[in-house]
Structure formats: C-alpha cells, structure tokens
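Visitor: For chain A, the structure is supplied; the task is to place chains B, C and D on it using the hints.
Number of protein chains: 4
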Amino acid sequence: MKQKKGFASDNWSGVCPEAMQALNDVNPAHNEAYGELDDPVTEAAIEKFRQHFGDDIAVYFVYNGTAANVLGVGQLMRSYHAVVTAKTAHLNEDECAAPEKFVGCKILELEPDQGKIRPEQVEPFLRSIGFQHHAQPKVISISQVTEMGTVYRPEEIRALADFAHKNNMYLHMDGARIANAAVALDSGFKSFTVDAGVDVLSFGGTKNGLMFGEAVVFFGKEKARDFEYLRKQGMQLHSKMRYIAAQFDRYLTDDLWKKNASHANYMAQKLSDELSQFPQLTITQEVNANGVFCIMPPELIPQLQKEYFFHIWDAETNEVRLMCSWDTTDEDIAGFVSLIRERIQDYPGNELLV
Amino acid sequence: MKQKKGFASDNWSGVCPEAMQALNDVNPAHNEAYGELDDPVTEAAIEKFRQHFGDDIAVYFVYNGTAANVLGVGQLMRSYHAVVTAKTAHLNEDECAAPEKFVGCKILELEPDQGKIRPEQVEPFLRSIGFQHHAQPKVISISQVTEMGTVYRPEEIRALADFAHKNNMYLHMDGARIANAAVALDSGFKSFTVDAGVDVLSFGGTKNGLMFGEAVVFFGKEKARDFEYLRKQGMQLHSKMRYIAAQFDRYLTDDLWKKNASHANYMAQKLSDELSQFPQLTITQEVNANGVFCIMPPELIPQLQKEYFFHIWDAETNEVRLMCSWDTTDEDIAGFVSLIRERIQDYPGNELLV
Amino acid sequence: MKQKKGFASDNWSGVCPEAMQALNDVNPAHNEAYGELDDPVTEAAIEKFRQHFGDDIAVYFVYNGTAANVLGVGQLMRSYHAVVTAKTAHLNEDECAAPEKFVGCKILELEPDQGKIRPEQVEPFLRSIGFQHHAQPKVISISQVTEMGTVYRPEEIRALADFAHKNNMYLHMDGARIANAAVALDSGFKSFTVDAGVDVLSFGGTKNGLMFGEAVVFFGKEKARDFEYLRKQGMQLHSKMRYIAAQFDRYLTDDLWKKNASHANYMAQKLSDELSQFPQLTITQEVNANGVFCIMPPELIPQLQKEYFFHIWDAETNEVRLMCSWDTTDEDIAGFVSLIRERIQDYPGNELLV
Amino acid sequence: MKQKKGFASDNWSGVCPEAMQALNDVNPAHNEAYGELDDPVTEAAIEKFRQHFGDDIAVYFVYNGTAANVLGVGQLMRSYHAVVTAKTAHLNEDECAAPEKFVGCKILELEPDQGKIRPEQVEPFLRSIGFQHHAQPKVISISQVTEMGTVYRPEEIRALADFAHKNNMYLHMDGARIANAAVALDSGFKSFTVDAGVDVLSFGGTKNGLMFGEAVVFFGKEKARDFEYLRKQGMQLHSKMRYIAAQFDRYLTDDLWKKNASHANYMAQKLSDELSQFPQLTITQEVNANGVFCIMPPELIPQLQKEYFFHIWDAETNEVRLMCSWDTTDEDIAGFVSLIRERIQDYPGNELLV
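Chains as they are written, first to last, in this note's numbering: chain A, -10 to 343; chain B, -10 to 343; chain C, -10 to 343; chain D, -10 to 343.
Chain A on its own, in the form it takes in the complex (with noise of 0.2 Å):
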C-alpha cells in the first residue's frame, strides 16, 4: 500500500491545477524553439517578471534550481573568484560540487545562525583580497527562505548587498522558495530583491506547484552579457521552452504564486503549532515560511516515516524537517498529529533528552 501524503519536501508534490492547464493551453501548434526569434511565450513570461521587478531586468529560463544557482553566481565570476555562503547553503552543500566544477571557484563557508549569514562574518574574507595566493571573494549567496526556513528581513539583505557593493563584489540569492518568503514578508518580490540590492535571483517555482524550470534574474541587464552562452554551454537551453516559459506566465499571473505560498506557510503554521503542544518535541528553528525543523525522540522518527515520510536533518542530534506544500491538506496534518500523540505516549519529555 502506497504511503500517505508525508511532509518529505515541497517538491514530492504534483503540479498544480492552473500550471497544467497552462501547459495544456500553450501546447497546441508550433513555436518558436530556444526562446528564439522572438518568440511570444516567452517574450510574454519574461514581461511579467517585468512587471513584478522593474524594467531594468534579464530574464533566462533553465532546468532547475542547481543551474539557477551555478550559472546565476558563475556569470558574475571568473574561477578565481570565491562565493561566501552559509555552511547550510545548498550551493554549498547539495549540488554533489556542481559550482566548484562549474565555475572552477572556491566556496567559502560561514557559520549560519538560524540559516542567515551577517556582513561582519564575511569581513575576515576580505583580507584574501589582493593576495594571489587565495581565490578572491566576489559573490555572497544568500538562500530566501533559508534551508532552515527562515526569512532574511529586508534590511538584512539591504545589509549584506551594500556591504558586497561596498566591496566590489555581488550579492546572490537563491529563491527556491521566493514565493513563501514574499509570503512570510507580506509583500512583493521587489522589495527584498532589487529594491534590497540583489545582483542576481535564482527565481524558482517547482517546489511551489510547478513541473520544471527556474529563472535567473539579473537586476540590471549588463550583468547578463553574453549569458545566453553561458546557459547553453551550462547545457541549459531548452528546446521546447515555451513549456517552461508559460508556467511562469501562469504563476507571475493573478497571484498564483501567493496563493500556493500562502496555503503552504499557513500549513506549516499550523503544524508548528499542533507539534508544540508535545513537550516531547523541540521545535529548533523559526517558523517563518513552509518548513519546521523539530527535534523528536530518535525512537519515534521511524515509526512515523513509515507512514508520512520526512527527512532527517540531523541524525546527531534528531531534528527533522516537515516541509508543507501547496497541497497539504488540515487532512495531512490531522492525520500526522494525530499518529504522533498516539505514539508518543512512551517517550519522556524532551527535555529529558537533551
């Protein structure tokens, strides 16, 4: 028997309703491959991130968040240039070293607190400046929403972009969950992008009911010089991309990105709160957006895997990571709380544990 609906990640979920039908509607006829000559569907999505992030803006659709983020901050670097990003961060630590292989450059870690990095932490990087012998910073790579689920402030990004300016380098952020950190922030994408200092956006939407696909944002297009080559050797071009280019369309349209963020936050809300009443639980990080991060009884973390399925974040300190989606159901929640106070009854108060 299939497993029930889990909290694994947003991206174990289906494509939502309107971003199929959006694929259906741009299917029929033919169209213009690569985004070439002009073709209207994308000319007609790139338009909407206009809209929503000023005029001054370049526009390149690709497979996924790793080539948002490899090609985003690679365009912006030679290979002896440094990226400064949070240990956490997952150009850091998810892409199997697709940016050191890319791009050829050194990634820097820094110690994250609650997922964010602060200006001061890079400081000690800039001393490397100048001497031949250290890869040179030139971008810091901030990730909105975190891979802890937080949310920079606006003025926290603001901080951080004066201080790369500041220090003739780029700011770089990777919106894999833009959608629930506008969200969280109730606002637009403007103000903590462009309006906050952002140089470069890998702007996402598979993990809030897409199929595929991701935008590389440039705020001020002559950082997008000659990035058209960079896509393609990057092996990124898409043939048929009025596929991708419609879903985007559909998703800048009417709010559907807010819509699925907003159901996906409010759920993970909901979860934090359910799970806070177990004095067995330790909920670790903020919950700002769609993701809480719990420490739980070690016994007890497969006993509910079994049955919605959920990664582990931790495995030395047992914290695990619920991600909500656009799908998520009062069902699914219900249903996971409910299994865990049935099986939590033999486990002692967390604070025992720890």
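Derived from the structure by calculation, the hints contain no laboratory data. Honestly, I wouldn't trust all of these hints.
Heads up, the list lumps identical chains together, so a pair's fine if it works in one copy or across two of them.
As the list claims (entries may be wrong) - In the DSS-like style, the derived pairs of lysine-lysine whose C-alpha atoms are separated by at most 30 Å in a straight line are: (1) Lys76 to Lys179; (2) Lys155 to Lys247; (3) Lys155 to Lys210; (4) Lys259 to Lys155; (5) Lys259 to Lys37; (6) Lys76 to Lys155; (7) Lys37 to Lys295; (8) Lys212 to Lys295; (9) Lys259 to Lys212; (10) Lys212 to Lys155.
Guide: Just chains B, C and D now, with coordinates in the frame of chain A:
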C-alpha cells in the same frame, strides 16, 4: 499575423496528446523526488527501457540532449581523452563547447559523408595513443539519425563499435532522433544499438512529441558506475523526476514512438518527392528519416521563410534544411509546395546555379 | 639598503651548492626532452626514489607543489569526489582554488589541532556516501610537515590511511617539507609514507635547497595509470626534464636532503629556545621541524619586519610565522634575537596581552 | 654508447653558458619569493621587457609554453568562447587538450599554408557570432615561428590583428621560438608583435638556451587585470621566481637571444643547403628559422635516426623535422650529411618516390 506551421525543426512542434495525457495522469498525489527511494514512476519507465534494450542496462534521465551527450561520453572519459566525431555532429558544432567545458576533453573532427563517419577515418588518430602530448582518443560518437537526415545501417554501426572496442575505445550514439532511425530501418531499437555494439546512448524524445527530458542508456550496467553523481554535478537531476519518467513510460508503450516517427518520416518522404519535381531544387542528402536537405535559389529562400519558416543549413551553398514532425500535416506540405510553385517560376533550373 | 636575511619562508633561500653543481654537471650535451625515450637522467633520478621508497612506485616530475598536490589528488578522483583536509592545509587555503578548478571537486575542511587531523573527524562525512546530492569523499589529504610546523607520527598517519582504505578512500600527503619531517622523526622517508599506508605523495625539495620541480610519487604503480596525460594537460610537463631530475638525483644522494633539513630544523629549535626567554612572546605550536609560530606584541612586529622580514600568520591574534632554512646562520638568529631584546623592553609580558 | 647530438628538437639542447652563469649569479642570499614585495630580480627582468616592447605592457612569468599559451588566451576568454588557430598549432595539437580543460573553450581549426593562416580563413566562423548554440570566436592564435618552421611577415600579422580587432577578437602569438623569428625578420621583437597589433604573447626562451620559464606579455596593461590569480590557479606561480626572472634578464641583455637564435637559424640554413644537393630528398617548407622539413626515403630514416635522432613529422608522407639549436656545430651537420651521403646511394631520386 502568426506564421503557418513551418519546417524549422521537429522541436518547434508541441507535445503529442498521449504524452500530455501521461503528464496529467501522473500528476495527482505526492511522489518520491529525484527518482529516489525506488520511486515507482521512475522504476516503471526504466522497466520499459529494459523491455526494449534488455536487462543489462542502466538508465538515467536528464533534461536534454546536450546533457545526455555530454554526460554520456563524459562518464566514459577522463579529461585528457578525446572524442572522435563527424564535423557536423551536434556534439561538435551545436553545444557551445559544452563537452569541452564539462569533460575538459578534445573533440577530433572527421569530414563526414552524408553525415556519416567510417572506422578507417578514425584510424589516423590511433597514432596519438601513448603519445603524452596528444589527447587520447577514447570515444567515437555518431548521431543516429545523423544531422544530415541519414541513417546508419546496423552493420555500419557494428563496424564502428568493433573498431572502437578493438582499440580500447567506446561507441556513443546521439539518439536525439532515434525513433526516426528505427522507423527508417524498420526495426526496434535494439538491433542498431546494444546489438550493434553501442556502449552508451542518448535516447531522445523531445523531437518526437515529448515535452522535455532525455535518457542516458548505458549498455552494460558497470559502465554507469557513479553516474548519478555526474548527473547531479552536471546540474541535470530533476526533482520532480516523475514528469520525465512518465513521458518515457508512455512513449515506449503501445509503440507511441513509432507512430509519431513513422508519421514524421512519411511526411519528409512526401515532401522530398514533391520537391523533386522542381528542376530548380536539388535534394542533397538521402532522405532516410524526417529531414530533407535541399539547395534552393537564394532569392527564393526568404520568400518561403516568411510563410513557412525553416533554417538555412549552409549559407555558402544555399542548402536549406526542412524538418517534418509528428504533427506535420498534408496541408502543411501542400501549402508549402504550392507556395514554391507560385514563386519558383522566376528562377532558372538549379543546374545553372551550381 | 637591502634587508638582512629574514625568516619569511624557506623558499626565500637560494639553491644549495650541491644542487647548483648538479645543474651545471648535467648541462653539457643534448638530452632526451620530456623525460621520454628512456632519458637516462630522468631514469637515474627515479631509481633513487626506488631506493628510498621501494620498487612498486611511479614517479612523475612536475614544476611545483601546487601542481603536485592538485594532480596527485586529481589522479585518484573524479570531479564529483571530495577531498577532506585540514582547514589550514595549503591545498585548501593557498592554492587560489586550483584543486576546485582543475579537479572540479569539493574540499571538505576540518578544524585541525596543531595543524593535524584525525580519522574521527572525517567520520561525519561518510554519511554523504551514496547520497547523490553530496560530493563523495574520496581522498584524505595531510601535510607533513603541517602548515603549523608540526609533524605527524607514523602511527597517526597509519590510522588515517587505515580509515581511508576501509572506506574506499585514499590518503594523500603534501610533502613540501617532507625532509624536515623525516629529520624530525629521525627516520627515512619510507616509514611514514608507503609503510604507513600513504597512496600518493607530493615530494618537494624547493623549500629545502632546490631550484624548482616537485615529484608526484604513487605507491602502487597501478594508481598512476595514464598520469602522464594528466600531467601534460595540467601544463606540468617540462621539456628540459633533466634539470628537474638531476636536482632530485643529487638531493637523494649522500643524504643531501637530510643535511639541509637537519640544519633548518636545528636552527628553528635554536630560535625557539631563544624566543622562549622573552615573557612577552608565546610559542604557539610545537616546534617539530623548521618553523616557529609565536604570538608577539603587535607593535613589535613591524619593527622587527623592517630588518628581518617574516609573515604574520594570524592578524587577529598577532601570531607570526618564522621559518628557518638550509642556509639560516647562527648570526641570523643572534642578530634577530638581539633586535628583539633591544625593542621588546617597552612591552609588557605577553600574559598581560592575552 | 650514447648517440651523437641530433636534430630532434631545440629543447634537447642544454642551457647556454650565459644563462647558466646568470643562475649562479642570482643564487646567493635570500630573495623575495613569488616575485612579490617588489622583488628586485623580477622587477629588473620585467624592465628589460619594457625596453624591448614599450611601457604599456604587463609581464608574468610561468613555467612553460603550454601554460603561457593556455593562460594567455584564457585571460582574454570566457569558457563559451573559441580560439581560432591553425590545425598544426601547438595549442591545438600538442597540449593534450590543456586549453579545453583549463579554459573550457573550443578550438576551431584552420588548414594552414606553410604553417600560416590568413584572415579570410577566419571569416566563416564569424557567422557563429550571436548564435547561442555555437562557441563564440574570441581569439586568433598564431605561432611565430610556425610549427612548420616558417615566419609570418609583420604585415601578415597586422592583417590578422586588424581582422581580429574589427570583429571584437584578440590576437595571440605563441612565441616559443620568437627569437628565431626576429632573427629571420632581421628586426627586434617590437615590429611584429605590439606594433603589428598582437594582444598577448607567449615569450619563450627554453628552445633557445634557457632552462625553464616562459613570459606571458600583455600589450595594454589593462588586458592583464587579475592575471596573477589565473596564473596561481593555473599552478604556474613559481616560489623561487628569481630563477626564471634572472634567465630572462640575461637573455634580453647584450642580445643574447639574438646570438643564440642567429646561430641556430644559420645552422638550419646550412643544413638545408646541404640536403638540397641530394635528389632523393625534398625540402618541403621554406626554411625561415631553425627548422628544416624534408621528405626522405622511408628506409633511410631509421638508419639516420640511430646516430642522429630526429622526429618523423608526417608518417604518411615520410616528412621529417630537423631542428637546429644554439649549440648545433658545423661538425654535427657535416657528420649528418656525411652519413646521409653514405647511405643514400641505394635509394632512387625522390621524384621517383612521390
């Protein structure tokens, strides 16, 4: 006003109804991401490949043909190796140096005849073996269908494979249009791939009615050792893997691949037959599959392109490429031919041009 | 006026007379280039390595330590692998991302203790094995002498090698100062390299009296398969190979390496003893070889540097590095100590500073 | 018994006495490593380059010609660019794919005439500009002396430079034998490099009496921006930099370069004259510098090689390459010619062979 459906490329066409239906069918509910944890959708698709190619294979889905080619040959090489291929090969000419970038290797070009290469052409490169100043030939790569619309016969492939293996090399096949080749050869896939000695195959579907995704198929599982890491590092691991897998599952069921390709090939033959009637036009390559190459009076070309777009293949000789697709109709061809008839009267016979 | 000979680095020293003589001796007449065609000079040098390390080795000369390290580990890795090393390792900090660029790999840092790492620190990275999102740990790299002037004991190396091999990994040793380590351990090279389980060694001499060149030594010839191509592609094949080979031949004859390194180590011990008399100075690392690490009153540093140049190691703690060389003299040390004595009176004891 | 001095390559010769003396002279005392801290030895050598090439240059020492070529062109390119060069260029054929590996770029080959290429041959590649599927031509690379022993006249170089610059490209010169070219042109270096529009030059000396090292010379300092990091990352930063610098300092003093190259060129001319007397031999390339290319009766070749080693250039046509050096003597040539005379009688005139 929008152009009529033209002959630009088989990737200008949309997604065939069966593939689109498969995407809709696989959509509801949650599913294991990344094809991990024995994701049943991915497993089912791979099982279909086994039915076509036998059991000793390893199948990995990636996003597109560029990646399938680059990662497929890259798996079998180290950076100091070389891949030998036709000058016209997509791998050589149309990947914006993606193989050089990702693999670090050299591409050694051969002058093809009708898009094809022969073992004796590779022979001179064997002199480099053991000479430390030269990249070491390691992979021969052929395209089936070739970029010139021709199809290798199984014995031609076998000869290349035998030559490769005798010299401690591998044979790679770029099967972006492999279904069209199978139809042209009136056979299944096996006879001219694994049975002919191919080591790794890029199995494409996007040019034959699918939306995105390509399969890298290794013949001999051991050749695929650790390939999952190369795929991830190559930025080609799709999170919502089911949407690639489901397409290929359907594509390999009930001969959908054959239905689409048969239609495209048939239309190309029909188009070729029609064009042959004009003495001003010269068909330059054998029409084995779904492409027709033709030299046209240069002034005619833009007139036709305005209504039916297609690409100029060789600007020096005025050779154009006309691609048919799974959805090319009798009306498309009739309309195009009629337009040619209308405009071509002003031009002398082609023999006068050459 | 030119500075006095300082303590900046052992690579500020010149070429020892014996090595210079060897260069002059090998000069007349023509000689096979690239070490090819059984070049007798190169063969003779390699034979010397066999006398020190045993017969089942493969030796390749490259230009410098950066290359020896990068190519040595690169030979044993594919791009999706990771090398685990101390944060302070030259490979990690001082190669301007050369390993990332050339190998494409990730470097996983460990916090060293006195410059050294231990197997249990590597253990957590084993969790990444088999997880396709993470670079796969494949090589452990240590420096002998470490960047902090300390020396691994053979049993410490054996423990790392056993751990590596048990987990299908390799052990690499950066031996830029391997002669100083051998002297410190009062042994030949074999006991703490091949006999301790090291798989590949960067064998340096430039810091101990040679002009240029470094040897990559593989223990187990089969590990070096095709390495000549990697060396060439790594831009490290010297045409006039004899001038590297002749230096190493001489270096490994009549214990020249030992003579030079013994002197340097002895001078460092002497310097350390002298510095210990000043309560305002704190020796921070065990002095095992030819480097002395010392915390100084910050205002004192530039005063000393003006006459005897040396590098600040850690600007935050005012820790400086003082390197002795094969040609450091008693006068150098006496003069330096006397300068310290003269200037240090103005400063309180160091215990007041910390 | 050891072979006599042959004609294998100019890198089989030793170090000329003046260069060896310079190495001895610079040896005593300590010296700033890495050319850093205004190392006076490195500064002095660079000043010599300024005297030859003018003030607006940037000079960086690397280890060898492979590196000078790869890093020099790599500085002016991004990975999606292409370098256009002769099929016979060392950069293309004899670097074991080092450019592809380090730069990630494509090399576009041209069929040379007497080793040289012309602007009109590059023209067809301009069609790729702006086409995202193709690597973008960015650098034209020529060898001066060419690999076929011929020399570009300044106006030929100027034409290539003008073409390059008009099309937003750069001109690179591989000057492994630049001194031989200058002698052939009876000029200094300036007239056919910076004055002819060259952007970056690999300035070699190893084939003309030096031990190791090569200079990358940028014409226009701004083109060298950040090159020190590329050099370090390219594993080409020598610690004891003075030993490269001192050689070049001496080489560019009192016309040492000219003395050595004049001798080598003169000897090649003499050898060529001698060979011309044999009707069984055919000189195939103009003898402009220090190489002679010659078709020989195939059975004769190994007989000669046994006593005077040289390389077969083209095994299909029995064309051999005979290189003269700064230390080739009249006796070497007389002995070789005498051996030919002795053995050649058995062979018919070459006209009968072709």
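Visitor: Which hint numbers doesn't this structure obey?
Guide: Numbers 2, 4, 5, 8 and 9 - these are the hints that the structure violates, sorted from lowest upward.
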